Amino acid sequence: MFKKESDSKRGAGVSQRFTALDIERYHHGLMTGAERHALERAALEDPFLEEALEGYASLAPGQAAGDLAALRERLAERVRPHRKRVAWWVAAAAVVVLGGAGIVAYRMSEKAPGAVAMKPVAVTPQAVTLDTAAGVAKPNAVPSGQPLAVERKSRPARKKIATKARALATTKAPATEIDSATVAMATVPAAAPAGNVVAEDALKKLPGVAVDKDGNVVAQGERVTRIRVNGKQFFPASPKTMFQNRVIDYNHQPIPGATLQVGPTDNYVMTDRKGYFRFNAQDSQRVVVTAVGYTSKELYAYQLNDLAAVQLSPDTSRLNEVVVVGYGTSKTGLARKAMGAYHAVTDTNAAQPLEGWSNYNDYISSNLQLPDQAIVNHIHGEVDLTFEVDETGKPVNISVAKSLCDSCDAEAIRLLQQGPGWSKGKKAKGKLKVKF
Amino acid sequence: MSFLRSIRGKKAESLDDEALVKAYQEGGDLQALADVYERYMDLVYGLCLRYLEDPELARDAVMGVFEVIVRDLTKYPVEYFKSWLYRVTKNYCLMQLRSTGKGKIVEFGPELVYLEEELHLNEEVYGKLEKCMEALPEEQRRTITLFYEENKSYQEIGALTGQEWSKVRSQIQNGRRNLKICMERRTHVQKGV
Chain A
1 MFKKESDSKR GAGVSQRFTA LDIERYHHGL MTGAERHALE RAALEDPFLE EALEGYASLA
61 PGQAAGDLAA LRERLAERVR PHRKRVAWWV AAAAVVVLGG AGIVAYRMSE KAPGAVAMKP
121 VAVTPQAVTL DTAAGVAKPN AVPSGQPLAV ERKSRPARKK IATKARALAT TKAPATEIDS
181 ATVAMATVPA AAPAGNVVAE DALKKLPGVA VDKDGNVVAQ GERVTRIRVN GKQFFPASPK
241 TMFQNRVIDY NHQPIPGATL QVGPTDNYVM TDRKGYFRFN AQDSQRVVVT AVGYTSKELY
301 AYQLNDLAAV QLSPDTSRLN EVVVVGYGTS KTGLARKAMG AYHAVTDTNA AQPLEGWSNY
361 NDYISSNLQL PDQAIVNHIH GEVDLTFEVD ETGKPVNISV AKSLCDSCDA EAIRLLQQGP
421 GWSKGKKAKG KLKVKF
Chain B
1001 MSFLRSIRGK KAESLDDEAL VKAYQEGGDL QALADVYERY MDLVYGLCLR YLEDPELARD
1061 AVMGVFEVIV RDLTKYPVEY FKSWLYRVTK NYCLMQLRST GKGKIVEFGP ELVYLEEELH
1121 LNEEVYGKLE KCMEALPEEQ RRTITLFYEE NKSYQEIGAL TGQEWSKVRS QIQNGRRNLK
1181 ICMERRTHVQ KGV
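Chains as they are written, first to last, in this note's numbering: chain A, 1 to 436; chain B, 1001 to 1193.
These aren't lab readings, by the way, just hints derived from the structure by calculation. Among the clues, some could well be false.
The list that follows gives simulated cross-link-like pairs (lysine to aspartate or glutamate, EDC-like), each with its CA atoms no further than 16 Å apart [to be verified]:
#	chain 1	residue 1	chain 2	residue 2
1	A	K433	A	D384
2	B	K1082	A	E45
3	A	K435	A	E388
4	A	K429	A	E388
5	A	K424	A	E382
6	A	K424	A	E391
7	A	K435	A	D390
8	A	K297	B	E1164
9	A	K297	A	D249
10	B	K1180	A	E45
11	B	K1082	B	D1016
12	A	K297	B	E1053
So these bits of chain B aren't anywhere near chain A, every CB distance computed over 10 Å [what the hints assert, rightly or not]:
#	residue
13	L1049
14	V1125
15	E1156
16	R1185
Since the structure is predicted, the reported quantities are computational estimates derived from the model, not experimental observations. We treat Cβ as the ideally placed atom computed from N, Cα and C, and that holds for glycine.
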């Protein structure tokens, strides 16, 4: 009751507390229009919520709940009376040990497919299963060479993803009914290089199976999403497809230097000067496309072939970001460090803003008008100005030490001219960096 | 023990943030601090995710921020816990980014977008607001009207106007900022006269 009262005093936004679960429902389209509106409205009033909302966008569905449960647990452990902490440390150690073992086991299992890839020569018969978009396909039987048992297996969970992928990829290959048969894998080079090359070569020799130049495996006209040999996965997971496309903006201009990445720790690929990229991923993987000055996009890998899907829109909130880099020492030095936006350049002799750097920065950030030229051409950078301070504290003899674009320079000069006054330093010279 | 805690828990729920903070500041009640922190942990975690872009680092940061508030709340009086926590969390993440050398420029612009107080809509203010609305660019006015008067979500507005989600959001933010500037200017003019 208390809370409600104090909250309502502070604006409508906080009267309802949104949880990570709400935010997750928002991101995954599970909210009604009214609910979405309520959350958006609250976020507009509350920068904390707004930023958290953005933060959760990168999490996989369902992850937030688990993460927060773990955090609540950690917090409870942290504030538990001291006597009990011994037990906590033991538990933590156990977790570390078990976790470590788990990781080792996981790593080993990850490596296993590579080892399997080398095995086909030694082990017969081989059970090969090919999962396709429509279910499970098996290569045709061929009576030569080493026999391979092909089994039919249905995996509903995978099928769901694959079906979705197929629907969006608009392939219309009918589900092929394949007779249960034993097929042969022709000789696999004994001293073959590891990994996919072996796999490709081996697969190409299976009748009805083709591997195209992009590494797509096709069995009887359907794309194969997973291959198992003797029940173990042949590729690390499902075979990766190479996607080739270009990243463009809404003016159909290429975006160079955009990155494509599956997870934050995975390798990423960057677009070239003309915005082109080649990216290997599994169809159902989520790929994040990011570029400076644009809103990031997360999409399924199979969507990468669609030009409209990899079109990025300018991130207007970022374009409006303004960072003023001040020269000179100031009492707000610590705060500046915390902001991470400042270069600490010490020149106590230079002119200082009369009202201090902190106020001056506020002035710049609230008054800077981003020139159209900078928006249209996605110009980012700094303008450096040098000037002298006259008797009345006005900046005079302003010159551009580092130019960015004509209208950016003009805007920086306007800000300096119309801004608060300066106090003369020993040198009576001042410097100002304005970041666009 | 657990019986005692459940009573505490019920008590904690009915207390507002500031009362819990006070219980910690004056009585050293760490559990009270944890209770109030937990209320905002979802937001803290989201914020850390936004800056650190890694769930594991973000989770560690959530615990790190708690240590900071344990330390700092005994030193400084805090008027409004939530907004103070927001600043502490943000600074903590920025420090993390700095120390890991992931130099990233971070804005301090968006705060300007947020109105500090709700406008009290009396007739005078309403008249000004109407004039300011008229002065808005057509697109911004339409979006703002759909959002505030017809309570549509960004998604629905996007569907109506054929705009991207992010475009809708930035239009609302820019519209709000323009309105705020316009309202202030009008207030100044009136005071000047």
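Checked hints:
Simply put, K433/A and D384/A have alpha-carbon atoms about 4 Å apart, close enough for the 16 Å limit, and the pair holds. Distance hint between K1082/B and E45/A is fulfilled; the C-alpha atoms sit about 13 Å from each other, no more than 16 Å. For the hint pairing K435/A with E388/A, the CA-to-CA distance comes to about 20 Å; that exceeds 16 Å, so the pair is violated. Of the supplied pair hints, the one linking K429/A and E388/A holds, its CA atoms being roughly 5 Å apart against a limit of 16 Å.
Taking the CA atoms of K424/A and E382/A, the gap is near 24 Å; set against the 16 Å cutoff, the hint is violated. With a CA separation close to 8 Å, the supplied pair K424/A and E391/A stays within the 16 Å bound. Distance check on the hinted pair: K435/A and D390/A sit about 25 Å apart at the alpha-carbon level, beyond 16 Å; violated. Proposed proximity of K297/A and E1164/B is supported: the alpha carbons are some 12 Å apart, at most 16 Å.
At roughly 12 Å between alpha-carbon atoms, K297/A and D249/A fall within 16 Å of each other, so this suggested pair holds. About 13 Å separates the Cα atoms of K1180/B and E45/A, which keeps this hinted pair within 16 Å; it holds. At roughly 11 Å between alpha-carbon atoms, K1082/B and D1016/B fall within 16 Å of each other, so this suggested pair holds. Between K297/A and E1053/B the alpha-carbon distance is near 14 Å, which keeps this suggested pair within the 16 Å criterion.
At roughly 3 Å from the closest C-beta of chain A, the C-beta of L1049/B falls inside 10 Å, breaking its exclusion from the interface. Taking the minimum C-beta to C-beta distance to chain A, about 16 Å, the non-interface status of V1125/B holds against the 10 Å cut. Not every beta carbon of chain A lies more than 10 Å from that of E1156/B, the smallest distance being close to 5 Å; the non-interface claim is violated. No beta-carbon of chain A is positioned within 10 Å of the beta-carbon of R1185/B; the least distance is around 13 Å.
The structure fails hints 3, 5, 7, 13 and 15 (numbered hints given earlier, in ascending order).
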